[in-house]
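Engineer: Sequence:
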Amino acid sequence: MAVMPENSTCLELTISIPGSSSSSSFPSSGEGGGYNLMRELDINQVPSNGNINEEEISIEEEEEESCNINGVNGGRPRKKLRLTKEQSFLLEESFRQNHTLNPKQKEALAMQLKLKPRQVEVWFQNRRARSKLKQTELECEYLKRWFGSLTEQNRRLKKEVQELRAMKVGPPTVLSPHSCQPRPASTLTMCPHCERVTATIIKDESKI
DNA sequence: TCGGTCAAACCGATGA
DNA sequence: TCATCGGTTTGACCGA
Numbered sequence: 097m098a099v100m101p102e103n104s105t106c107l108e109l110t111i112s113i114p115g116s117s118s119s120s121s122f123p124s125s126g127e128g129g130g131y132n133l134m135r136e137l138d139i140n141q142v143p144s145n146g147n148i149n150e151e152e153i154s155i156e157e158e159e160e161e162s163c164n165i166n167g168v169n170g171g172r173p174r175k176k177l178r179l180t181k182e183q184s185f186l187l188e189e190s191f192r193q194n195h196t197l198n199p200k201q202k203e204a205l206a207m208q209l210k211l212k213p214r215q216v217e218v219w220f221q222n223r224r225a226r227s228k229l230k231q232t233e234l235e236c237e238y239l240k241r242w243f244g245s246l247t248e249q250n251r252r253l254k255k256e257v258q259e260l261r262a263m264k265v266g267p268p269t270v271l272s273p274h275s276c277q278p279r280p281a282s283t284l285t286m287c288p289h290c291e292r293v294t295a296t297i298i299k300d301e302s303k304i
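Heads up, the first sequence is in the working numbering, so the first residue is 97 and it goes up one at a time.
It should be emphasised that the hints constitute simulated quantities derived from the structure, not laboratory data.
All clues given are correct.
Here are the simulated DSSO-like pairs of lysine-lysine, each with C-alpha atoms no more than 27 angstroms apart in a straight line:
hint, residue 1, residue 2
1, Lys212, Lys228
2, Lys202, Lys176
3, Lys240, Lys230
4, Lys181, Lys210
5, Lys176, Lys230
6, Lys176, Lys200
7, Lys210, Lys176
8, Lys181, Lys200
9, Lys202, Lys230
10, Lys228, Lys181
11, Lys255, Lys240
12, Lys200, Lys210
13, Lys200, Lys228
Working from the sequences, and respecting the hints, build out all of it.
Structural biologist: Structural data, given as structure tokens:
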């Protein structure tokens, strides 16, 4: 799986890389950078050492359970779990290695994170979506810039064509040494397909 | 307080 | 049938 650097300013045309993503790395869990991390800390962390202790986990698990019981299926509004810094980090690390999980990996990761496999699955799902969105935004940005440069190039070429056409309308004339009649110094021809103008200099009238 | 943002969770469609 | 995806909903949070 190709990985594009987050701050890549590359303007190569090879922008369509299916499955590739800007794998953002921890601690910026996603697009928010430190902002998200701060939020995670605010929400989930006891203001001590920042590590997950057993109490927190058990509370989480309890809430999780109640969440599943009270969720949409239960008729009451679902309660939203906020992942801890640690959990986000491990998920990001795992995502960096692989954007999809097989059932065994999912199970293992869920166990490691003390989450439900379903939650890990959902997280990966959302993470893939965010990756894709970011990639699409990058491509969009690139296409905009490309469009801009093509527009500029088009403008220049049109101007050039205009100038060349003007030259053709009123070409400089020279007198023929034989007939003393005026004749064009050069002959301009335009390709009907690409509108490119080519000039043929007449050197010797006798050869015409 | 309110509007905006982010991300977890859900839902229905789809392909293997 | 199951995994995945795109789209949507919902809740937590932040800043004006």
